[in-house]
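**Student:** Spelled out from the first residue to the last, the chains are:
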Amino acid sequence: MIEVSGLGHTFRTQTGTTQALRGVNLSVHPGEFVTLIGRSGCGKSTLLRAIAGLVTPTEGRITVGGKPVTGPRRDVSVMFQQSALLPWRSVLANVLLPVEILGLERARYNVRARRLLNLVGLDGFEDRLPKELSGGMKQRVALCRSLVQDPAVLLMDEPFSALDALTRTEMSGLVQRIQMELDTTILFVTHSIEEAVLLSDRVAVLGPRPATVTEVVTVDLPRPRSLGHGSHTVDVARISSRLHDLLDPEWVGR
Amino acid sequence: MTRRDPLHARAVVGPRGSMTVPGMGGASRILLPVLGVLVSVFLWWLATVVFSIENFLLPGPQDVLQAYLGQQDYLLEQAWVTLLETIEGFVISIVVGIPIALLIVSSQVLERMIYPLLLAVNAIPKIALAPLLVVWLDFGMTSKVVMVFLVCFFPIVISTATGMKSTPAELVELMRSLNCTRTQEFAKLRLQYAMPQIFTGLKVAVSLAVIGAVIGEFVGAKAGLGFVIVQSGASVDTALAFAAIGLLAVMSIGLFYLLVALERWLLPWAREER
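Sequence order for the protein chains is A and B.
Using the working numbering, read the first sequence as starting at 1 and increasing by one per residue.
Using the working numbering, read the second sequence as starting at 1 and increasing by one per residue.
These are computed hints drawn from the structure, not numbers from a lab.
Careful: at least some of the hints might be erroneous.
Stated by the list, open to error - Think about it this way: if two alpha-carbon atoms lie no more than 20 Å apart in a straight line, the pair counts; the simulated DMTMM-like pairs of lysine to aspartate or glutamate are:
#1 Lys188/B <-> Glu105/A
#2 Lys188/B <-> Asp127/A
#3 Lys188/B <-> Glu100/A
#4 Lys131/A <-> Glu170/B
#5 Lys222/B <-> Glu111/B
#6 Lys222/B <-> Glu88/B
To be verified - Listed below are several chain B residues computed to face chain A (Cβ distance under 10 Å; list not exhaustive):
#7 Met113
#8 Asn179
#9 Gln192
#10 Phe218
Predicted model only: the values in this text are computed from it and were never measured.
C-beta atoms are modelled at their ideal positions from N, C-alpha and C, and glycine is treated no differently.
In isolation and in its complexed conformation, chain A is listed as follows:
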């Protein structure tokens, strides 16, 4: 679904150039949930934004669904760290924003928008304004908005990092449920090992700058997953510790 090959990106600033990415190869299959994990500032967001068509990479090739990425596309949607809801629009109108911008048939997507809101547990909130919602609720609205146009690929850029720990756990459960139900291909950026293990089919570990994919870890645990409950806590711990080692290789030698 997503093919990234030989991707490199160099930022040009007034003080000089910074190479953020070098020789990144990654492929994500249809319906798969892949997480990009790496330390803050390692370039994982840049990679995601390049796939979204928001950044034009200086080297390499990206294709989504077989077609090269030249700019933002209808079949690729992005969910950001901030909910980025338009404060003057009601919850429903916010979810329908992509429908309006992309010029899709309103009546049909209206039904879909309401169904998505129901799926995330926000029915009854359609006419509320964003300022009346909590942080977690805002992010759930943003999730619905990013799914309303029925994208083939959903790119999520640290979508829960601004939330408190309990809300994060709740949101992770929600994303698992949604993915099982909608079968969207998801590429998820995070620096949280917990989230990576909980959500992904595979975790791609990015090294320090200029970043490249240093290792891909497969998470073959049964779903729905949970960090605290269930019988697979040992497996969760094993994979988590492997990711810790990969992200902080110097610790291993001590």
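On the provided structure of chain A, position chain B as indicated by the hints.
**Tutor:** Below, chain B alone, put in the same frame as chain A:
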């Protein structure tokens, strides 16, 4: 929740109840200001009586009321002229100002071309132009409308442009991720986001608008409240001048609160945030 005073829309609200008298509740919000006005009018009257101030220097409240009632029709007619000049100039500055702000924000080339020019023109004390406007446009209403336009235009342009520029980056990025057109970016995002700031600019402008109209009338006019004030100054009819000033104040306050009401109605989302 306590509603904020629209004059200090962005001010920090103190601890709840700090401004109210215990036991008076919501009524104090109307009662206390009315009481304040009544007390000052009483002190005004007292001053004219105790110090036996001459009527042509400072007329008492009863003289002003008498002057108003004696020439009510004439005064209201003149007030209507001033009101029309004010509203016309104000509306024209909105119609011209907002598109110019859009141009400034949408193109860096235009911004660099227009903005310094705007600032330079804005630096001119507009009052200094009033006599010239009369020379160019005669004593009629047009010269006053242009005067009003000149004083209203800048606050409107600046507030609109600043509002649109301050649109948060994540909202712009979201719109870009949907592959929006430039028109959509402005119509559906930037202009909407700027609305509260535009209203702030409008509220500044509308108070200036009345001042602009009156100044225009001072310099040379055949009608309007400014004209009445100049005339009554010449004939030492201070009470009549006070009545005209009172009407101007009512007009200014009325227009301001009209905008406040319009803002509340149009922008429910911008109320009482943060």
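**Student:** Holds or violated: is the Cβ of Phe218/B closer than 10 Å to a Cβ in chain A?
**Tutor:** violated, 42 Å
**Student:** Can you confirm whether the C-alpha distance between Lys222/B and Glu88/B stays at or below 20 Å?
**Tutor:** With a Cα-Cα distance of about 18 Å, the restraint between Lys222/B and Glu88/B holds, given a limit of 20 Å.
**Student:** Between Lys222/B and Glu111/B, does the CA-CA distance stay at or below 20 Å?
**Tutor:** Answer violated: Lys222/B to Glu111/B is near 40 Å, above 20 Å.
**Student:** Can we keep the Gln192/B interface hint, with Cβ of chain A closer than 10 Å?
**Tutor:** This interface hint holds because 6 Å falls under the 10 Å limit.
**Student:** Quickly compare the C-alpha distance for Lys131/A and Glu170/B to 20 Å and report which way the hint goes.
**Tutor:** Within the cut-off at roughly 17 Å; holds.
**Student:** So if I understand the rule, the pair passes when the alpha-carbon distance is 20 Å or less; does Lys188/B with Asp127/A pass?
**Tutor:** Distance of about 19 Å is within 20 Å: holds.
**Student:** Would you mind confirming whether the straight-line C-alpha gap from Lys188/B to Glu105/A stays at or under 20 Å?
**Tutor:** Holds. Lys188/B to Glu105/A sits at ~18 Å (cutoff 20 Å).
**Student:** Identify whether the interface hint at Asn179/B stands, where standing means a beta carbon of chain A within less than 10 Å of its own.
**Tutor:** With Cβ-Cβ at 4 Å, under 10 Å, it holds.
**Student:** Run the distance test for Lys188/B versus Glu100/A: straight-line Cα separation, threshold 20 Å.
**Tutor:** Between Lys188/B and Glu100/A the Cα gap is close to 10 Å, so the pair holds against 20 Å.
**Student:** Verify the interface restraint on Met113/B: the C-beta must sit less than 10 Å from at least one C-beta of chain A.
**Tutor:** At 24 Å from the nearest chain A Cβ, Met113/B fails the 10 Å test, so the hint is violated.
Of the hints listed earlier, those the structure fails to meet are numbers 5, 7 and 10, in rising order.
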